[in-house]
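Asker: What follows is the residue order along each chain.
There are 2 protein chains.
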Amino acid sequence: MDQTDIQQVSQQDTAQPDVIEALAQVFGPAGILTSPEDCARYASDQSGLHGTPPLAVIRPASVHDVSEAMAICSRYRIGVVPQVGRTGLSGGACSPQGTVVLSTERMTGIIELDRDAMTLTAWAGTPLETVQEAAREAGLDYPVDIGARGSATIGGTIATNAGGIRVLQHGMTRANVLGLEAVLADGAVVSRLSKTVKDNSGFDLKHMFIGSEGTLGIVTRAVLQLRRHVPQSALALFALPDHAAALKCLTAARQRFGSRITAFEGMWPDYWDFVCHKTSLATSRLDGRYGFYLLIEVEAEGPESEAELEAFFADLFEADLAQDGVLAKSISEMRALWQVREAVGEVDDDFGHHINFDIGVSPSALGGFCDAADILLADMPEALGVIKVGHVGDGNVHLLVAHDGSHAAEESIEAAIYGLLRDWDGAVTAEHGIGRIKARWMDHSRSPQELALMRGLKAQMDPQGILNPGALFDQI
Amino acid sequence: MDQTDIQQVSQQDTAQPDVIEALAQVFGPAGILTSPEDCARYASDQSGLHGTPPLAVIRPASVHDVSEAMAICSRYRIGVVPQVGRTGLSGGACSPQGTVVLSTERMTGIIELDRDAMTLTAWAGTPLETVQEAAREAGLDYPVDIGARGSATIGGTIATNAGGIRVLQHGMTRANVLGLEAVLADGAVVSRLSKTVKDNSGFDLKHMFIGSEGTLGIVTRAVLQLRRHVPQSALALFALPDHAAALKCLTAARQRFGSRITAFEGMWPDYWDFVCHKTSLATSRLDGRYGFYLLIEVEAEGPESEAELEAFFADLFEADLAQDGVLAKSISEMRALWQVREAVGEVDDDFGHHINFDIGVSPSALGGFCDAADILLADMPEALGVIKVGHVGDGNVHLLVAHDGSHAAEESIEAAIYGLLRDWDGAVTAEHGIGRIKARWMDHSRSPQELALMRGLKAQMDPQGILNPGALFDQI
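Chain order of the listed sequences is A and B. Counting from 1, one number per residue, gives the positions in the first sequence under full-length UniProt numbering. Counting from 1, one number per residue, gives the positions in the second sequence under full-length UniProt numbering.
It cannot be assumed that every hint is accurate.
Copies of the same chain look alike in the list, so a pair counts if it works inside one copy or between any two.
List of simulated lysine to any residue pairs, SDA-like, C-alpha gap at most 25 angstroms [as the list claims (entries may be wrong)]:
(1) 278 - 258
(2) 248 - 300
(3) 248 - 133
(4) 278 - 419
(5) 248 - 229
(6) 248 - 423
Please keep in mind that the hints were generated in silico from the structure rather than gathered at the bench.
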């Protein structure tokens with residue numbers, strides 16, 4: 001995604017000096033930043049989209065502060081962009097002109113860890129990695145894991161329903177949140193920080209806030225469900241004839257390992273070759289060229305798990321599903337294999353101008369969709385190259401398409417891929433979120449009736465449209 | 001719960017003949033029932049609450065039919081009670097005066113089973129058991145399981161977010177639904193029958209309908225996530241000193257068996273003694289009297305799983321956590337052990353007038369809550385007896401309190417238990433749902449801000465209040 005300036009969304013210019021003054025009176029110097037340098041730092045996330053520096057950055061230190069900030073912004077009808085780690089890839093944290101940023105960065109830290117209930121309660125501004133480490137110290141695990149774990153926060157991962165490599169086993173963020181507290185557009189605090197696992201007493205309101213990208217409320221605290229920590233795992237790389245074989249491997253792996261599969265990641269040959277070409281990570285791993293590469297990781301109950309993976313490979317080999325394979329025999333070998341998969345981060349920079357699609361389809365349709373996309377793109381002179389890597393077990397492919405950097409090429413490729421996706425009943429974003437970049441493509445995943453219901457819910461909960469204006473809903 | 005007549009909710013009496021005529025014109029004799037006998041059959045569920053026979057029973061045969069029915073009822077402002085299996089325990093399917101029942105009983109059957117994606121798409125009226133059997137035939141499993149599986153349907157289990165004994169491993173119904181189609185109050189069809197696992201393209205609307213008990217829309221079809229079928233399991237009954245020991249066993253079991261634990265069910269001595277007294281199921285199982293009884297079931301990867309459970313018991317015994325135990329050595333022994341736990345259904349009838357509480361708290365708080373409830377009830381002459389049985393791993397206890405059948409006793413016991421629950425941050429219903437019976441207690445689990453948000457969402461999606469009037473929201 002090339003850098004683009006964000007469009008103007010909020011236009012309450014006359015109210016601006018007043019609202020800043022009202023906020024400054026409440027929050028004082030530590031709670032509000034207004035210098036051009038400070039504001040510029042909070043304008044954008046990692047999507048490549050350029051936000052306009054906000055009028056001010058509000059840095060509340062408590063739920064009460066957030067509530068007060070929202071009440072003031074609501075009174076002045078000023079748009080509020082909720083923000084913390086700014087690691088998003090869809091522009092959901094980029095500020096449009098005439099808005100303020102509300103950063104929960106001062107609301108950080110772990111409030112409680114309950115070993116019996118296996119829960120951890122934390123402030124929204126707590127980095128994901130801090131939560132993972134606290135869980136680990138208690139012999140437990142918080143299974144949501146993404147590359148940006150050091151900067152991404154609990155609030156941000158909840159607002160975007162973050163995915164990552166362990167979705168297959170424990171689901172996305174949504175599946176790992178037990179309780180939630182959020183502040184609504186008018187400053188009302190809706191709090192349910194309960195550790196109750198089973199609760200059918202009325203609507204499960206937390207799902208309104210999870211994945212709604214700050215458009216319905218600002219997450220302030222959360223109760224997270226921890227899992228047992230399995231210290232060891234076994235990892236193998238398999239070379240297969242094609243994606244269809246990978247799907248058969250998935251079924252076989254599920255039969256054999258059940259919920260012990262922690263990762264099932266796929267690399268198409270275009271990706272593998274590109275990584276071989278650009279880095280030294282992959283070349284030495286396998287001889288020959290194959291139709292598909294699979295990284296499979298399973299929880300290891302003991303040393304016999306490596307043997308289990310070996311036996312699994314032998315069965316696949318016999319069934320003509322796997323053609324070659326490597327079993328990691330040490331921690332460093334495991335790391336090396338994972339680096340091939342994670343090289344997508346580095347490759348990203350080497351690939352020139354490109355669009356990074358984050359497509360979700362049914363796991364059984366992933367191969368078909370990718371084949372169709374290849375055929376489509378082969379006929380498009382503006383598509384200069386394609387590499388594909390993804391979460392095979394989840395039906396999620398990151399499809400990178402290179403182009404010449406022109407707006408026309410970008411537009412044409414996006415229209416082609418999202419147009420194709422419509423026929424496959426898929427998601428224009430599986431895990432990165434809609435943000436501001438993909439808002440105009442949402443109708444390729446969602447029906448007019450779904451969009452109307454979403455807009456109705458948004459209008460009900462945020463009638464002035466001040467919560468993250470321009471995110472999800474293109475130009476409310 | 002004693003039988004009580006339902007209050008009048010809908011009062012559009014003048015419109016009644018017109019709406020029935022309008023519906024009859026569209027649906028014809030097969031699609032609408034109006035005889036007093038037919039209407040009486042559809043008035044109530046299994047809660048003990050007596051509904052008023054509906055004005056008519058609409059039996060749509062398609063999504064289009066449901067849409068048309070809602071459009072007509074919306075035009076005439078007539079309340080609609082969605083219904084299929086009528087197995088609910090909270091009166092959610094009981095019809096208030098002046099309403100029509102909409103039964104999806106003719107919209108039944110399995111539409112597709114996708115082995116690769118491990119999904120099953122079914123009509124709302126399909127019995128749960130039919131889905132379980134179809135999954136089983138494909139070597140898979142639909143893990144939602146409740147006693148009423150033969151009559152309860154997919155639509156009903158989704159509308160109520162049904163729980164059951166396998167929640168610990170696979171979550172409640174909410175965690176097992178991938179895609180959903182629902183008809184809104186005005187007849188709009190919101191359809192997302194996608195098998196896409198990861199989808200962050202906008203609000204996840206299905207969570208609005210799951211567990212909202214028909215107050216926001218009528219579920220017509222669903223895509224369910226299947227799981228691998230594990231044909232064998234190992235089962236043991238442990239006798240423990242108290243609930244605190246059960247909690248320690250849970251932690252130890254999680255460390256040892258991880259997600260292979262399929263059930264972790266607890267019986268307090270009051271329950272155990274009652275079952276011994278009333279039936280012959282429990283007496284022969286264990287000698288002596290203990291402070292707590294635990295049924296633990298784990299997926300068996302092979303015959304060694306029984307040995308695993310035996311070794312687990314030995315460790316618990318050594319740590320003074322378990323005092324006695326029985327390991328099921330055959331299918332019939334497993335069945336016999338399960339019967340002790342499931343005898344709550346029979347005991348129910350033998351217990352005389354009583355309230356069956358369905359309390360949810362944090363798993364770590366369950367023992368404390370039950371102790372506090374015992375102390376509270378011991379001081380209340382109107383509480384004639386208490387028995388407690390439940391899902392220890394989920395923090396869900398079914399607490400049965402006997403009384404003399406008077407309204408005053410019932411009222412006083414409910415006020416005491418729900419009052420206590422408020423201090424424990426729990427749920428007035430963990431799995432049975434609010435329905436009509438618990439609507440007035442919802443504020444004991446939910447804050448005024450949560451209730452206001454729920455009412456706002458209801459007003460947005462059903463401004464006339466015609467969807468299941470009186471359910472969840474006491475007298476909208």
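Asker: If a hint holds in the structure, say so; if it doesn't, say that too.
Answerer: These are the hints, each one checked on the structure:
no., hint, in the structure
1, 278 - 258, "neither (36 angstroms within a copy, 40 angstroms between copies)"
2, 248 - 300, "both (22 angstroms within a copy, 24 angstroms between copies)"
3, 248 - 133, "between (36 angstroms within a copy, 23 angstroms between copies)"
4, 278 - 419, "neither (31 angstroms within a copy, 66 angstroms between copies)"
5, 248 - 229, "between (29 angstroms within a copy, 17 angstroms between copies)"
6, 248 - 423, "within (24 angstroms within a copy, 51 angstroms between copies)"
Of the hints listed earlier, those the structure fails to meet are numbers 1, 4, in rising order.
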